[in-house]
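J.: Heads up: the protein sequence lines correspond to chains A and B, in order.
Numbering-wise, our numbering puts 73 at position 73 of the first sequence, and it's gapless, one number per residue.
All you need for our numbering is the position in the second sequence, starting with 1, plus 153.
Everything labelled a hint here was simulated from the structure, so no lab data went into it.
Among these hints, one or two may not hold up.
Now the stretches of chain B that chain A is said to cover, found in silico as 3 or more residues with beta-carbon under 8 angstroms [claimed, not checked]:
1. 182 to 193
2. 197 to 203
3. 812 to 819
Here a beta-carbon is modelled for each residue, glycine too, at the ideal position from N, C-alpha and C.
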Amino acid sequence: MKKISLIFDKKNCIGCHACEVACKQEHGLGVGPRLVYVIEKSSDFIPVYCHHCAKAPCKDACPVDAISRNEQGIVLIDGDLCIGCRECVEACPFGAMQYEENKEIAIKCDLCVDRLAEDKLPACMSVCPTGCIHFGEKKSIAAVFERTPRPKE
Amino acid sequence: MEDIKKIRTVCRSCHGGCGVIAHVKNGKVIKVEGDPDSPISHGSLCTKGLAITQLAYHPDRILYPMKRTGKKWERISWDEALDTIAGKFKEIKAQFGAEAIVIGQGTGRDFESHFSRFGNLLGTPNMITAGHMCYLSRIGATLTTCGRHPAIDYENNPKCIVMWGCNPLWTNPDEYKGADFWQAYKKGAKLIVIDPRKGFLAKRADLWLQVRPGTDAALAMGFHHVIIEEGLYDAEFVAQYIHGWDAFVERVRKDYSLGRVEEITWVKQDLIRKAARLYATTRPAGIHWGVPTEQTINCTDFTRAAVGLMAATGNLDAPGGNVFHQPPGTRSIAEFSSHRSLSNEQRIKQLGGEQYRLASRMTIVTPKCVWDAILTGEPYPVKAGYLVGTNPVISRANATEVYEALSKLDFLVVSDFFLTPTAELADIFLPAGTWLEQNHVADNWKFHGYVLARQKAVEIGECWQDHKIFMELGKRMGQQWWDTVEDALEWLLEPTGLTWEEFKEKGYLHGEPKFYKYREKGFSTPTKKVELYSTILEGWGRDPLPKYTEIPESPISTPDLAEQYPYILNSGLRTPTFFHSANRQVPWLREIRPDPIVEIHPKTAMKHHIRDGDWVWLESPRGRAKERAKLNDGIDPRVIVAEHGWWYPEIKSSDHGWDVSNINMLTDNSHESMDPVMGATNLRVLLCNISRCEEQ
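Just need the whole structure built from these sequences, with the hints factored in.
T.: Take a look at the structure:
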């Protein structure tokens with residue numbers, strides 16, 4: 001099966017944070033963990049999100065094998081197995097791994113695996129006004145950027 | 154366990170319009186999603202709309218009517234609430250006249266039709282909205298200049314877009330949402346951005362003009378200067394369809410040399426020239442402009458000069474330019490409002506009506522005139538108020554005066570979702586329904602040619618949609634209304650041949666696009682032409698030609714004051730999460746923006762020993778407010794840009810911290826500072842100072 005991933009076209013992120021709220025709603029999260037978020041730095045916006053790395057440091061760091069990769073390449077965490085040691089939070093180079101204080105477990109982007117099963121877009125992607133969020137097969141997703149039509153960019 | 158019902162409806166967390174699919178389970182909305190079939194939003198949905206469930210089911214939300222007994226609130230029935238209000242209003246009307254009752258709404262919340270009808274049938278000419286400085290002011294200025302509001306036409310692919318003081322991808326766009334702009338831009342349209350701050354759009358722009366706040370009218374006249382001097386105008390259109398072109402040309406040549414415009418606006422001459430050329434020589438080209446241009450003394454003049462640009466370049470009512478979208482065929486807001494029901498005898502009593510003629514024509518009063526009447530009893534006493542979906546203590550200029558005036562009313566009714574600082578001053582609180590709890594023919598007040606079916610997904614507590622409150626209260630006052638909310642919608646829809654049920658099924662209606670309509674019947678102005686020389690303003694004894702007026706409180710007008718208050722404060726910084734004073738209690742949104750932000754240049758910060766994230770005091774001759782500093786090297790070091798709308802719902806005392814971070818503690822609402830015909834308050838240019846708070 002082809003491996004899929006999520007990617008943000010950073011230069012088109014306008015910092016509207018719609019992806020964050022759509023994600024929280026989809027995953028029933030309150031204040032605290034932000035599976036996707038946008039950092040504002042002066043007039044720049046930097047989206048932080050899970051890259052579903054081919055060699056995932058979070059997975060490697062987990063001492064109890066609570067993190068796994070499914071056949072689509074989506075890196076998932078099993079909350080029932082997680083012991084809340086935060087090794088994965090430390091290991092993630094993107095800052096995408098989150099910690100759920102209430103439950104004392106780590107939590108992460110699941111690429112809306114349930115929505116994908118229903119042929120729906122990931123929640124973050126579905127609401128983005130500039131269409132800067134893409135998901136798809138790892139090898140072809142880069143082509144999205146090459147298709148950007150504006151010559152001056 | 155019930156299945157999930159999916160209800161197609163329309164958001165109104167800002168001015169509204171975006172399509173939503175509400176997921177309802179066991180009588181509760183559990184989730185909302187963008188509607189990919191929406192002609193307005195195409196599936197996108199912003200933070201405000203997405204967070205509606207946290208607002209609608211918020212533990213602080215008031216779900217039943219209440220009356221004040223001493224310092225406490227007491228739950229009452231709808232019957233008691235409405236009977237009390239009707240009784241009190243009748244009493245005041247008999248003793249002081251209907252004009253002693255002011256009704257007020259805030260920003261456009263899609264009940265304008267019901268609001269105005271209630272006021273007109275009550276017989277009060279005193280209706281306050283945000284329209285004196287937001288949107289309605291633009292409708293008024295375009296009405297007098299070219300007969301109707303010319304909105305940019307993204308659907309027909311403008312090749313050049315002038316984004317003038319506007320960021321529709323972030324915040325309260327009216328006709329079009331950011332998604333449409335983005336599509337047009339991605340198709341390769343040239344982009345000119347006019348903004349005092351370097352933001353996302355400024356960085357992407359072909360040309361960015363970093364204008365001194367409040368000087369947009371001068372910049373527009375600079376554009377005209379280039380267009381006239383270089384002969385870039387559409388000679389045929391100008392000759393046939395512009396009234397007063399020669400007088401206008403003389404004004405531009407005499408008073409708006411590029412040297413002078415540069416001096417006023419801080420924008421370099423060559424950049425003004427390049428931008429004017431790009432706009433005038435790219436067809437079609439559209440101007441998308443925002444409220445910053447309206448929230449100064451130059452409100453009407455800017456809009457008139459901007460319409461002049463559309464007209465002179467032949468982009469008016471041309472596809473892909475700025476067009477008069479065709480109405481979708483429903484009955485209009487004006488007809489529903491029944492303006493004719495307000496007798497002339499009552500109309501002439503309108504507060505400030507003689508002075509602010511354009512506001513008066515738009516059937517509104519600039520709030521300052523109402524505060525004056527409440528506080529002084531002149532020209533007559535105002536005794537009672539009915540405020541709907543508005544929080545003027547936070548969102549109107551000169552908050553100290555607003556608070557004092559509202560506190561002085563004998564009887565105040567507020568309809569809202571929460572006990573806001575304004576609602577805490579009320580005698581009766583009415584619980585309003587959110588957009589999830591409404592049936593309405595939405596967007597009928599806009600100029601994009603669409604109406605949209607907002608249909609009720611749920612009912613929550615005893616909340617009523619405001620439309621119903623107006624109707625039921627009106628009926629108890631002896632006014633003529635319909636039996637039900639839906640009956641009124643049937644009447645609105647009647648000319649389209651659709652019933653409310655059929656309309657809901659259809660989702661929306663769109664007026665058939667038609668362009669260059671003026672070729673058949675001219676423009677809807679007294680001369681049937683675009684009146685760059687306004688016969689209406691002339692009739693009111695005002696300058697008939699657009700101009701720039703220096704802001705009364707500025708480094709140029711008041712240099713002595715500027716020594717004490719050396720910075721120009723623009724109090725209009727917008728955020729994508731909040732809409733004016735709304736949403737501060739919504740956890741998802743407050744997490745993104747926990748504190749009020751003021752943006753300052755790093756040099757300014759260094760001078761005052763301020764670090765990024767420090768709490769700072771902003772101070773003007775009228776008062777002070779506390780916000781958190783965010784450094785931005787993309788603004789002029791002489792300019793400070795602050796968020797508005799802040800209060801603290803988490804402060805449980807009845808003041809809710811209304812005067813702590815409220816930027817309107819600093820703003821001015823003196824008559825001298827306002828637009829002379831519209832009464833637009835100046836929220837974008839005032840003098841201030843900044844210092845680091847001792848307590849961090």
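J.: Indicate, hint by hint, whether the structure satisfies it.
T.: Each hint, compared with the structure:
Note: the segment 182 to 193 of chain B has 4 residues with beta-carbon separation from chain A under 8 angstroms; the three-residue rule is met and the coverage holds. Look at the segment 197 to 203 of chain B against chain A: 5 of its residues bring a Cβ nearer than 8 angstroms to a Cβ of that chain, three or more, so the hint holds. Counting residues of the segment 812 to 819 of chain B whose beta carbon lies closer than 8 angstroms to any beta carbon of chain A gives 0, which falls short of the minimum of three for the stated coverage.
Checked against the numbered hints given earlier, the structure breaks only hint 3 and satisfies all the rest.
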